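K.L.:
Here's the letter readout for the chains.
2 protein chains.
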Amino acid sequence: MPEARAPLARNISIVGVGHIGGSLAYDLLATRACTTLTLHDSSRRARNNLAALFPGCCVAGSLEDAVRTADLLILATPLSAYPKLLAAIAPVLARRTVVSDVGSVKSIVCQQFSELLPPRAVCVPAHPVAGTEHSGAENARANLFRNRYTILTPSERSSSSGVRLVKALWRRVGARVMLLPAAQHDSILALTSHLPHAIAYALVLAALESPHRESDLAKLSAGGFRDFTRIAASSARMWHDVFFANPQELKRSLKHFRAALDKIERAVAKGRSEELIAFFERARASRRSILAEGQAGVFLPDEPAPSNSPEQG
Amino acid sequence: MPEARAPLARNISIVGVGHIGGSLAYDLLATRACTTLTLHDSSRRARNNLAALFPGCCVAGSLEDAVRTADLLILATPLSAYPKLLAAIAPVLARRTVVSDVGSVKSIVCQQFSELLPPRAVCVPAHPVAGTEHSGAENARANLFRNRYTILTPSERSSSSGVRLVKALWRRVGARVMLLPAAQHDSILALTSHLPHAIAYALVLAALESPHRESDLAKLSAGGFRDFTRIAASSARMWHDVFFANPQELKRSLKHFRAALDKIERAVAKGRSEELIAFFERARASRRSILAEGQAGVFLPDEPAPSNSPEQG
Numbered sequence: 001m002p003e004a005r006a007p008l009a010r011n012i013s014i015v016g017v018g019h020i021g022g023s024l025a026y027d028l029l030a031t032r033a034c035t036t037l038t039l040h041d042s043s044r045r046a047r048n049n050l051a052a053l054f055p056g057c058c059v060a061g062s063l064e065d066a067v068r069t070a071d072l073l074i075l076a077t078p079l080s081a082y083p084k085l086l087a088a089i090a091p092v093l094a095r096r097t098v099v100s101d102v103g104s105v106k107s108i109v110c111q112q113f114s115e116l117l118p119p120r121a122v123c124v125p126a127h128p129v130a131g132t133e134h135s136g137a138e139n140a141r142a143n144l145f146r147n148r149y150t151i152l153t154p155s156e157r158s159s160s161s162g163v164r165l166v167k168a169l170w171r172r173v174g175a176r177v178m179l180l181p182a183a184q185h186d187s188i189l190a191l192t193s194h195l196p197h198a199i200a201y202a203l204v205l206a207a208l209e210s211p212h213r214e215s216d217l218a219k220l221s222a223g224g225f226r227d228f229t230r231i232a233a234s235s236a237r238m239w240h241d242v243f244f245a246n247p248q249e250l251k252r253s254l255k256h257f258r259a260a261l262d263k264i265e266r267a268v269a270k271g272r273s274e275e276l277i278a279f280f281e282r283a284r285a286s287r288r289s290i291l292a293e294g295q296a297g298v299f300l301p302d303e304p305a306p307s308n309s310p311e312q313g
Numbered sequence: 001m002p003e004a005r006a007p008l009a010r011n012i013s014i015v016g017v018g019h020i021g022g023s024l025a026y027d028l029l030a031t032r033a034c035t036t037l038t039l040h041d042s043s044r045r046a047r048n049n050l051a052a053l054f055p056g057c058c059v060a061g062s063l064e065d066a067v068r069t070a071d072l073l074i075l076a077t078p079l080s081a082y083p084k085l086l087a088a089i090a091p092v093l094a095r096r097t098v099v100s101d102v103g104s105v106k107s108i109v110c111q112q113f114s115e116l117l118p119p120r121a122v123c124v125p126a127h128p129v130a131g132t133e134h135s136g137a138e139n140a141r142a143n144l145f146r147n148r149y150t151i152l153t154p155s156e157r158s159s160s161s162g163v164r165l166v167k168a169l170w171r172r173v174g175a176r177v178m179l180l181p182a183a184q185h186d187s188i189l190a191l192t193s194h195l196p197h198a199i200a201y202a203l204v205l206a207a208l209e210s211p212h213r214e215s216d217l218a219k220l221s222a223g224g225f226r227d228f229t230r231i232a233a234s235s236a237r238m239w240h241d242v243f244f245a246n247p248q249e250l251k252r253s254l255k256h257f258r259a260a261l262d263k264i265e266r267a268v269a270k271g272r273s274e275e276l277i278a279f280f281e282r283a284r285a286s287r288r289s290i291l292a293e294g295q296a297g298v299f300l301p302d303e304p305a306p307s308n309s310p311e312q313g
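Each protein sequence line maps, in turn, to chains B and E. At position 75 of the first sequence (counting the first as 1) the number is 75 in the working numbering, and the numbers step up by one without a gap. At position 310 of the second sequence (counting the first as 1) the number is 310 in the working numbering, and the numbers step up by one without a gap.
Identical chains blur together in the list; that is why a pair holds if it fits in one copy or across any two.
No farther apart than 30 Å at their CA atoms in a straight line, the calculated lysine-lysine pairs in the DSSO-like style are these: (1) 251 - 84; (2) 251 - 270; (3) 251 - 263; (4) 84 - 270.
Hints in this document: simulated from the structure, not taken from any laboratory. It should be emphasised that the depicted structure is a prediction, and the values quoted were computed from it without experimental measurement.
So here's chain B without its partners, still in its complex pose (with noise of 0.2 Å):
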């Protein structure tokens, strides 16, 4: 029962009120995380949009209002917005404040925190692992982060308290916490993460690209390709921001990537049977994993529902 729990903290404010941002309010209204959620959007036609979808919270009209009255921030914005968005948070910060994030690339936050925020700032950069290739808003939906993980990567900058704080919420909405060094998390996001959506849009652009008609690639796409076209739908300003903001990462993880693909090639070229056979059977095995981890997908029944207690760390 949820509803029973003491609130978390008495005031909440996300930046940024997208699919993430958004999905994240409904389930801090839902479970009575805060006495008051605040939403800003810097984009006024989003503002005017919030009161009605995220009943019960209170929409800020300025950044400066949503900073203000916080006691915890979570910024909610594409990556490339943060430099900005830091420079304009920093004067109104009050001492109180935790600041935190959702953003996919880690290392690069951390610095710009410690760059852009005031010393005495206490900073818990966080991520969630757990989008759709849905954006906005409009598509946010309740339970988008149960039973996923996120990952805190804790700096210098990093309280022992703001850090339970932020693994409490995230637990809070069903999430599983796992702490990480940020620059782990770059580089094992850049291979979970980074490169499959590098590589499906990579899919896609070569099969548009060839002479066959697009309504035929789309009938014929049962067989693997709409998965990756499905990956390939995903926010395009946002994936943009995730590569430019860790690209020593992607480079590692697409050499790596080639180099398989070259193994494979080359096998099928020399006519290696059990070559083959070995690595599929070897990349097979690999789903059990998954499947063990219990991230097979969204809603898979068998899924056991999260059992962490909110409250503790």
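Could you slot chain E onto chain B? The hints should help.
P.N.:
Relative to the frame of chain B, chain E by itself:
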């Protein structure tokens, strides 16, 4: 009311009862598509389970029995089994029997049908584009082909009545039917199915060769990786056979894919923001074609029921 329809043929035989052959068997039994459905598998262990798995079918103890009785014979074995199988079928094939299959590559199948079956044999090669990552008769399921496309690639060995029969069969189980030249089928499927599988295998292999723990990769797989592991969980033997049966088109599609990937990597390396966003927007738009064709997911609730009438071309 499928039960009220007349049977399409007296005797249909399926040789090779795995995921596809078994799923087709379920649907043929449920829609009473034939008076007698005969199943045969070369593995004695598999054969022993067939009567229990498919109540109402007739299990043939020998390949010859399955072939001799058939008005329509459907091969559903891995592609690499075809040459031996066709050689064994040829001497016992009745003049009335229409031979079809479900193989994922069609040029080589047309060629083998021509070379290995007697000139009087009527052959209608087919490919239901509807697999999942599961394999084996025990994972067969009803309605697998519903609303998916089945491609027929008629050759000089096909008769119009043979094509009509095979078309009616796939419509009976809810599939949409398309006719394509075998070469065009293989070229499109290289892009929409064979290449995606090669890529998925390569991505998973690249991740497994990284220094990261497999359990961490699994935990953080919700950002895209898990979709690739699902594709890479498909039958190793089947995909080995597909790659070896369509090496030229696979090579060609890999070339186009690598070029697209180079473009993306170069745009990131050179900081060309607008170019990258344009690539992504273009790829994203193709998702709309997939949605328009109703091929977005196996169980999309908003997919219309197939509206094809069963008996006509």
